[in-house]
Amino acid sequence: MFLLQVNNPGSPVSLVLFFGTVGMLALTIGLIVFIIFHQRKVIKYQMQLQRLEQEQQKMLLNASIRLQEEERQRIAADLHDDAGPLLATARLYLNENLVNLDKTTQLQSIYNAKQIIDDTIQLIRNISHSLMPPTLKNFGLESAVNDLFQKISGSGSMNASCRFHDYRERLHPDQELIIFRVIQELVNNILKHSNASFIHLTQNLSGNKLYIRLHHDGRGITQADFDKLNKSNQGLGLKNIQSRLRLLQGRIYFEKDMSQTYYKVTIEIPRLEEEPVPEAV
Amino acid sequence: METDILKPVSVLSGLLPIVLFLVFLRRNKEAKLWVIFLYTILSLITDILFDALPQENKVSSFYLFSFFTITEFTIFSSFIFLQIKKKALRLFIAFSSIIFYAFAINNLLTRPASSIPISENSFDSVPASVESILVILYCILLYFEQMRRPEISFIYSTKVFWVATAFLLYLAATLFLFISTASLTEKEQEAYWPINLLSNILKNILLSIAFILPKHKSPSPSDNDLYNKAFAPPFN
Chain A
1 MFLLQVNNPG SPVSLVLFFG TVGMLALTIG LIVFIIFHQR KVIKYQMQLQ RLEQEQQKML
61 LNASIRLQEE ERQRIAADLH DDAGPLLATA RLYLNENLVN LDKTTQLQSI YNAKQIIDDT
121 IQLIRNISHS LMPPTLKNFG LESAVNDLFQ KISGSGSMNA SCRFHDYRER LHPDQELIIF
181 RVIQELVNNI LKHSNASFIH LTQNLSGNKL YIRLHHDGRG ITQADFDKLN KSNQGLGLKN
241 IQSRLRLLQG RIYFEKDMSQ TYYKVTIEIP RLEEEPVPEA V
Chain B
282 METDILKPVS VLSGLLPIVL FLVFLRRNKE AKLWVIFLYT ILSLITDILF DALPQENKVS
342 SFYLFSFFTI TEFTIFSSFI FLQIKKKALR LFIAFSSIIF YAFAINNLLT RPASSIPISE
402 NSFDSVPASV ESILVILYCI LLYFEQMRRP EISFIYSTKV FWVATAFLLY LAATLFLFIS
462 TASLTEKEQE AYWPINLLSN ILKNILLSIA FILPKHKSPS PSDNDLYNKA FAPPFN
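The listed protein sequences derive, respectively, from chains A and B.
Per this note's numbering, the first sequence starts with residue 1, numbered consecutively.
Per this note's numbering, the second sequence starts with residue 282, numbered consecutively.
Take the hints with a grain of salt, since some may be wrong.
Computed cross-link-like contacts, DSSO-like style, restricted to lysine-lysine with a CA-CA straight-line distance of at most 27 Å [as the list claims (entries may be wrong)]:
1) LYS367(B) - LYS41(A)
2) LYS114(A) - LYS103(A)
3) LYS264(A) - LYS231(A)
4) LYS44(A) - LYS366(B)
5) LYS231(A) - LYS256(A)
6) LYS367(B) - LYS44(A)
7) LYS496(B) - LYS288(B)
8) LYS192(A) - LYS264(A)
9) LYS288(B) - LYS368(B)
10) LYS192(A) - LYS231(A)
11) LYS264(A) - LYS151(A)
12) LYS310(B) - LYS41(A)
13) LYS228(A) - LYS264(A)
14) LYS313(B) - LYS367(B)
15) LYS288(B) - LYS41(A)
16) LYS44(A) - LYS288(B)
17) LYS137(A) - LYS231(A)
18) LYS367(B) - LYS496(B)
Keep in mind the hints are simulated off the structure, nothing from the lab.
Just need the whole structure built from these sequences, with the hints factored in.
Here it is as structure tokens:
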């Protein structure tokens, strides 16, 4: 019936109406199909991205667990290999036979035991400091980083300096500890791999974000290298940095300086201002 | 002959979304769906009234159609307005709606009863065509906004998509019919009116699908976050 009407040569309106309606329907159905397929494509891409992100998260999780285990092993080894023999030696000096010895030998033994116990105390203090630097806890990130850099400079192998431009208010202690660990890891990497002659650290505040930048003149890595290492099974330390920064919702950028002479690493951390900082003990 | 069969089917198809809405009332509690429910009732009443009115009473049919066009536009545009989040698009809808109302009411009030064609269909094609163009445009805007919203995983799993598709297909299919109604002879109008009836049936089926669909739940963004599960920051 429709086609008969359309084919009626005396009715041009009918033709317009027929083709107009068919055209509009075709356009509408086309639009709906396009939207559905386009969205499916986008979702597929998003799912792929999500899968990649999950894999990355899994790798970070593994790296963190491995590092935690390594740290435990190191502490266990320190206690077993250093503190254990020292205490055993002290025990030898203070054995049951001590009462039967002459007074001079007794005094000598007690003196030696005291020396060994002092060494053990120092050793345990060092282990404890490596776990939680007291300067960081008591005086904050600026002092702890200063301390670390002075120690590096004091060794004479490298010139290390740092400057905090705007650190009047301390961050939350947990944040400070994480940032300090990241800086330690980065400095360790520079010391181990870069063969640099200097490291310079600067801190700045911009808006609600804290920036820490490390410059060095040795061999470094760029963002592309960092991303590559992050996806591979290598670079445990870098994965650890990444996982620590994730806790702070922070970011890290590895770049080569414009002059192509220096490498720079920038850490960007959003400030959490609502958390009050407990007073230093 | 075709019209004889299609007309009652089209009118009866109006019952389908109403029944399904009431059957699946728990899934359709949102205000925007009540608006569509109201529309389905209004549409059914208009169809029944149009059939009940005597064929000679073109003036009443004209006012009935004109009133229905304005109400239909109000319901369609308010449904889309409620869905759209972008301020600029909302402003556009509000502004164009005001222009449409001014035009449609002016058309209704300034047209003397004597000018309403007696021999032709009492349907006033100009406001209906403008309504179709505007609502088609709104629907396209709604689709593109929905596509950009990350919480909507599959656009066709939402009730809004099916309602908008019902509007879009119905109005796209009848646009040229509405535009050319004034230029068609009574015989041609009769021959082409099944387009409107078929579109109406299609619209009612799509609205029924919208009412049957379960509520759309947006997935939580942190559901799959392995890392966040393992390492919750202590100071959040």
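Taking the hints in turn, this is what the structure says about them:
1. Between LYS367(B) and LYS41(A) the CA atoms are separated by roughly 24 Å; this keeps the pair inside 27 Å, and the hint holds.
2. Proximity of LYS114(A) to LYS103(A) is assessed by CA-CA distance (about 16 Å); at most 27 Å being required, the pair is judged to hold.
3. Using a Cα cut-off of 27 Å, the hinted pair LYS264(A) and LYS231(A) holds, with the two alpha carbons roughly 21 Å apart.
4. For the suggested pair LYS44(A) and LYS366(B), the alpha carbons sit about 25 Å apart, so the restraint of at most 27 Å is met.
5. For the hint pairing LYS231(A) with LYS256(A), the CA-to-CA distance comes to about 21 Å; that is within 27 Å, so the pair holds.
6. Of the supplied pair hints, the one linking LYS367(B) and LYS44(A) holds, its CA atoms being roughly 26 Å apart against a limit of 27 Å.
7. Between LYS496(B) and LYS288(B) the CA atoms are separated by roughly 33 Å; this puts the pair beyond 27 Å, and the hint is violated.
8. At roughly 16 Å between alpha-carbon atoms, LYS192(A) and LYS264(A) fall within 27 Å of each other, so this suggested pair holds.
9. The straight-line distance between the Cα atoms of LYS288(B) and LYS368(B) is roughly 41 Å, outside the 27 Å bound, and the hint therefore fails.
10. The hinted pair formed by LYS192(A) and LYS231(A) meets the criterion: a straight-line CA distance of about 22 Å does not exceed 27 Å.
11. About 21 Å separates the Cα atoms of LYS264(A) and LYS151(A), which keeps this hinted pair within 27 Å; it holds.
12. With a C-alpha separation of about 32 Å, the suggested pair LYS310(B) and LYS41(A) falls outside the 27 Å cut-off, and the hint is violated.
13. In summary, the hint linking LYS228(A) to LYS264(A) is supported, as the alpha carbons are separated by about 18 Å, within the 27 Å threshold.
14. Distance restraint check for LYS313(B) and LYS367(B): the Cα-Cα separation of roughly 17 Å lies within the 27 Å cut-off, and the hinted pair is therefore satisfied.
15. For a cut-off of 27 Å, the pair hint linking LYS288(B) to LYS41(A) is broken: about 41 Å separates their Cα positions.
16. Between LYS44(A) and LYS288(B) the CA atoms are separated by roughly 44 Å; this puts the pair beyond 27 Å, and the hint is violated.
17. A distance of roughly 34 Å separates the Cα atoms of LYS137(A) and LYS231(A); the hinted pair therefore is violated under the 27 Å criterion.
18. Among the hinted pairs, LYS367(B) with LYS496(B) is consistent with the structure: their alpha-carbon atoms are about 23 Å apart, no more than 27 Å.
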